[in-house]
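Protein chains: 2
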Amino acid sequence: MKENITLLGLGNLGMPIAEKLLEAGFPLKVWNRTMSKAEPLVNSGAVLAMSPEEAITPGGILITVLADDRVLKNVIFPDVLKRLGSGGLHISVSTISPETSRELYLQHKNLGSQYLAAPIFARPEAIRTKVGNICLSGDEDARIRARGIVAHFAKGIFDFGDEPGAANIVKLAGNFMIGASIEMMAEAFTFAEKNDISRQAIYEMLTQTLFSAPIFQNYGKMVADHNYKPVAFQLPLGLKDINLVLKTSEASSVPMPMADLIRNRFVSAIAKERTNLDWSALAIGASDEAGL
Amino acid sequence: MKENITLLGLGNLGMPIAEKLLEAGFPLKVWNRTMSKAEPLVNSGAVLAMSPEEAITPGGILITVLADDRVLKNVIFPDVLKRLGSGGLHISVSTISPETSRELYLQHKNLGSQYLAAPIFARPEAIRTKVGNICLSGDEDARIRARGIVAHFAKGIFDFGDEPGAANIVKLAGNFMIGASIEMMAEAFTFAEKNDISRQAIYEMLTQTLFSAPIFQNYGKMVADHNYKPVAFQLPLGLKDINLVLKTSEASSVPMPMADLIRNRFVSAIAKERTNLDWSALAIGASDEAGL
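In the order they appear, the protein sequences are chains A and B.
First residue of the first sequence? That's 24 in my numbering, and the numbers climb one at a time after it.
First residue of the second sequence? That's 24 in my numbering, and the numbers climb one at a time after it.
Next comes chain A alone, as it looks inside the complex:
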C-alpha cells in the first residue's frame, strides 16, 4: 500500500511536486495559505485541508515546500509536529539553514517522528520533466524510506549521511555557485559587449564548449538577452539564500568574498525595484556599473 502523503506549500516547486506524487498514485492531502491554488490538484484527486494540522495523517509522510525557515516553523510548530507523531517522517524540501534542520531533527526525535533534510536543485520545469537533483541527510532508515517517494519527482538522489544539516550545506553551496555563475557571465558578457562583441556570440561560444553545463546554458541565455522572465525563482529569494550562505559561513569561520559580492548585487537590484524579476536579474548590476 502506498504511503499517505501530506504536502504543505504549493508554490513554484510545491505545485509540480504534488502533481508528480498524484501521477504516481499516492494518497495526497495538501494545504496552502492561498487555498485557490490547490484547485487543479483537487481535480486530480488530492484532498485539500483547511489547516496544516488537518492535512496530517498520523504516522504518515509530511513534505514541506515552504518559503523560508520562519514560515516553515510557524506552519509546523507545535500542532503539525504533534499530530504527525510516532512513525511519521518529515521530508523538508525548502532551502533553509542547517541550524533549523538540526533543531527540527531534535524536535521530531522527542515526538517519536523523524526529520530529513531534502533540499532539491530544480526549477519547476525540472520537476515536471524529472531532471532535478535532491540531497538527503538524516537518519539512515529515514533516508531509505524517503527514497521511494522523492524518486517520483527527482532524478539524482545524493546521500549526505546522518548529520541533519549536511544536505542544507550542500544546497546552500550549490545556490552560491549558481549565483556566482550568473555574476561571472554578467561581467564577461558586459566586457564583450563594450568591446563590440555581441553578448549572444560569446554566450554561444562559451556554453557550447568550456561551460557546456545546464546552469550556464539556461541562465546564460537569460543574461545574454537581459530577459529575466518567466520568474521561476524570484529575486528576493536569491537574497534570502545568499544571506543563509553568509550566516552559515560566518558561523563556521569561512570568508566568502564572492558571496559578499553577490549579496551586494541582490541588495542593489532590490534598491532598483527589480523584485518581480527572476533572481538571475542580479546580472543587470554589471551592465549598470558599466554605464549601459
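These aren't lab readings, by the way, just hints derived from the structure by calculation.
All figures in this text were calculated on a predicted structure; none of them were measured in a lab.
Careful, some of the hints might be misleading.
The list treats identical chains as one, so a pair stands whether inside a single copy or across any two.
Unchecked claim - Here are the simulated DSSO-like cross-link-like pairs (lysine-lysine), alpha carbons at most 30 angstroms apart as the crow flies:
id, residue 1, residue 2
1, 270, 96
2, 270, 217
3, 178, 217
4, 25, 96
5, 217, 96
We have chain A; now place chain B onto it with these hints.
Frame of chain A, contents of chain B only:
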C-alpha cells in the same frame, strides 16, 4: 601542396601544436629560445632554425605560441615580419591583449602580410587529443586560409569576424570565467569542509549535476584534492591573463569586481611562493583565509 609553416615558441602549448602539424604532414620549421626542446620534433621531421628570422618562409605561414605581448613583439619585430612579407599569414595563438593584435594587424598590412588573432582554449593534453577550441578574428580570407591549418590541432573553430582584437577579447573573457570558477569552487568546497562535508563529496555531487562541464570536472578535482600538479598553466601566467582582463576592462570602462578578487588571489599566491604550481592553486587562498 601543403603550406610551409613556421612555429615560434615550443612551450606547453607550442609543443603539442608542432606535433599535430607534423602528424598532418606539413613542412615545419621551428625555433625556441631553449633549442634542446626541439629535439623530439627534429626526430619527427621538423627543421630547427637558429633564429626566428631564419625559421621564416617568405609568403608562408607563421604561428606564434609565445609567453606574452612583450616576448611576442621582441621576437618578431622587425626582422621576422619583414621576411614573412607579401602573401604571408601570421596566426597568433598566444593569449595577448586586443591592443597588441590591432597593432600587429596594421604592421602586417603595411608589409603586405596578414595577421590573425587565434587564441586557443586548451591544455596541452587537449591539443594532443584534439578537443580544444580556437577563436579567430581578422580578415576574412585570412580566416579561411587559417582554418585548413588550425583544424589539425583544435576541434571547435569559432569565428569572431574582421576586428583583429575580437578573438582576444573572447579568450580573456573565457580565462576570467575559468579563474572565477576555480575561486567559486574554492569557496564552496571550503564552506563544505568546515561544515564536516568532504570536499570530494560536494565536488562529486555538483560536477555530476548542475556543473557537469569540463572546467568544473577537471579543475574541480584539483581544487577538491588541493593537488595543483602537474602544471599545465603556471600560476604567474594566470596573473598575467587576469591583468590583461583588468587592463582591457578599464580601457573599455567595465568594472569587474570578480576579476579584481581573482587578481588578489594570484597576488597572494605569489606572496606565498606558489609560483611553481598550476594556476588553479589560487584556490588555496580560500582555505588560507578560513584558517585551514
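So, going through the hints one by one against the coordinates:
1. 270 with 96: within (18 angstroms within a copy, 50 angstroms between copies)
2. 270 with 217: This pair counts as between: shortest inter-copy Cα distance 14 angstroms, intra-copy 36 angstroms.
3. 178 with 217: The answer is between: 28 angstroms across copies meets 30 angstroms, while 40 angstroms in one copy does not.
4. 25 with 96: So residue 25 and residue 96 pass the 30 angstroms test inside one copy only (28 angstroms; across, 74 angstroms).
5. 217 with 96: between (48 angstroms within a copy, 26 angstroms between copies)
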